[in-house]
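Asks: One letter stands for each residue in the lines below.
Protein chains: 2
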Amino acid sequence: MVLDRSDKPTGADNQQERLSAEWVVGFVDGEGCFFVGINRQPSMTMGWQVLPEFRVVQHEKDVAILKRLHEFFGFGQITTNHGDRKELRVRGIERLSEIVRFFRAHPLRTVKRSSFDCFAEVIEMMQQGDHLTAEGLEKIRKLASRMNRGAQNPQRPYARTPVVSAGG
Amino acid sequence: MVLDRSDKPTGADNQQERLSAEWVVGFVDGEGCFFVGINRQPSMTMGWQVLPEFRVVQHEKDVAILKRLHEFFGFGQITTNHGDRKELRVRGIERLSEIVRFFRAHPLRTVKRSSFDCFAEVIEMMQQGDHLTAEGLEKIRKLASRMNRGAQNPQRPYARTPVVSAGG
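Top line first, the protein sequences correspond to chains L and V. The first sequence: position 8 = 1190 (my numbering), numbered continuously. The second sequence: position 43 = 1225 (my numbering), numbered continuously.
These aren't lab readings, by the way, just hints derived from the structure by calculation. Bear in mind that the values here come from a model prediction, so they are computed numbers and not experimental data. Be a bit skeptical, because a hint or two may be false.
If chains are identical, the list can't say which one is meant, so a pair holds when it fits in one copy or spans any two.
[To be verified] In silico SDA-like pairs for lysine to any residue, Cα to Cα no more than 20 Å straight-line:
hint : residue 1 : residue 2
1    : Lys1324   : Glu1253
2    : Lys1249   : Met1308
3    : Lys1243   : Ser1327
4    : Lys1249   : Glu1199
5    : Lys1249   : Ser1296
6    : Lys1243   : Val1293
Build the full structure now, drawing on both the sequences and the hints.
Replies: Set out below in structure tokens:
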């Protein structure tokens, strides 16, 4: 049997092919988290820091998939989440804007989409600098409070300690 | 502006479009579970019942996505998993064979794939009736023990009570 190495390998033969956008949407619908933290920060203009982030958490045995997601997006940081869990984390308005663009073009299918919609609005406001005004900050706080909540995402807007205030 | 209603709606406009295969693979890579239970059953040929199942568990607020997965596969049962969690569950060799065919054609990308490979081998053995022989049952027990284990999937092969023995 002659193998032509130039043949494009199939998914079954090559697990290292680039992930597809649809796969990424499905995986993030299950495992992704859109998060807006609002932390006390007296040195900042409004006294509060708005810290949005996108992350995907996996058991460390599956860190390879976080690396492939990192490759897919072209940015993000892989770090320890807690104990034996790793996360791919994206921060920073420019990169989060790219995340928003991606999920606008490839919409989520679960209820996570409504958290994403709030998240996207926060990112767009921050791009305009709205988080640096009292009115903008208040609107962001409301958007954050509308994002999904759960035991893992305690709702603590305007927390006094640097904890996240909302996530989904 | 004239709207042509025959236009195919985009994903953003119509959340009820059929799920794509790639999305399903991504979502199952995150949220799916391949499971092989081996339960004491004195009335059966070998004294043990092999009960494989595929399931996807979600919070009840997201039962809509289980319905769409049900629509996608064309079978399965939506039922309460535990408390406020719902599951789409597929049992029965014929339907599980279809599940196996699907994930052979559209391979999983996380470590869940190795659990799936064991699961697929069990299903193929059962199609041949191998679970009705001592040798086959022993091999299935070994495959089940190689599937991913975790706190939620205690490894209890040949359990005396009807609990699942392995999952991933």
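Asks: With identical chains, the pair Lys1249 and Met1308 could be close in the same copy or across copies; at 20 Å between alpha carbons, which is it: within, between, both, or neither?
Replies: neither (28 Å within a copy, 37 Å between copies)
Asks: Within, between, both or neither: how does the pair Lys1249, Glu1199 come out at a Cα-Cα threshold of 20 Å?
Replies: Within one copy, since 12 Å is at most 20 Å while 31 Å is not.
Asks: I want to check one pair: Lys1243 and Ser1327. Are their C-alpha atoms no more than 20 Å apart within a copy, between two copies, both, or neither?
Replies: Only across copies: Lys1243 and Ser1327 sit 18 Å apart there, 33 Å inside one copy, limit 20 Å.
Asks: Checking Lys1324 and Glu1253: alpha-carbon separation at most 20 Å within a copy, between copies, both or neither?
Replies: neither (34 Å within a copy, 36 Å between copies)
Asks: How would you classify Lys1249 and Ser1296 at a CA-CA limit of 20 Å: within, between, both, or neither?
Replies: Cα proximity of Lys1249 and Ser1296: across copies only (19 Å, versus 27 Å in one copy).
Asks: Reference check for the pair Lys1243 and Val1293, CA-CA at most 20 Å: within, between, both, or neither?
Replies: This pair counts as between: shortest inter-copy Cα distance 8 Å, intra-copy 28 Å.
In summary, the numbered hints that this structure violates are 1, 2.
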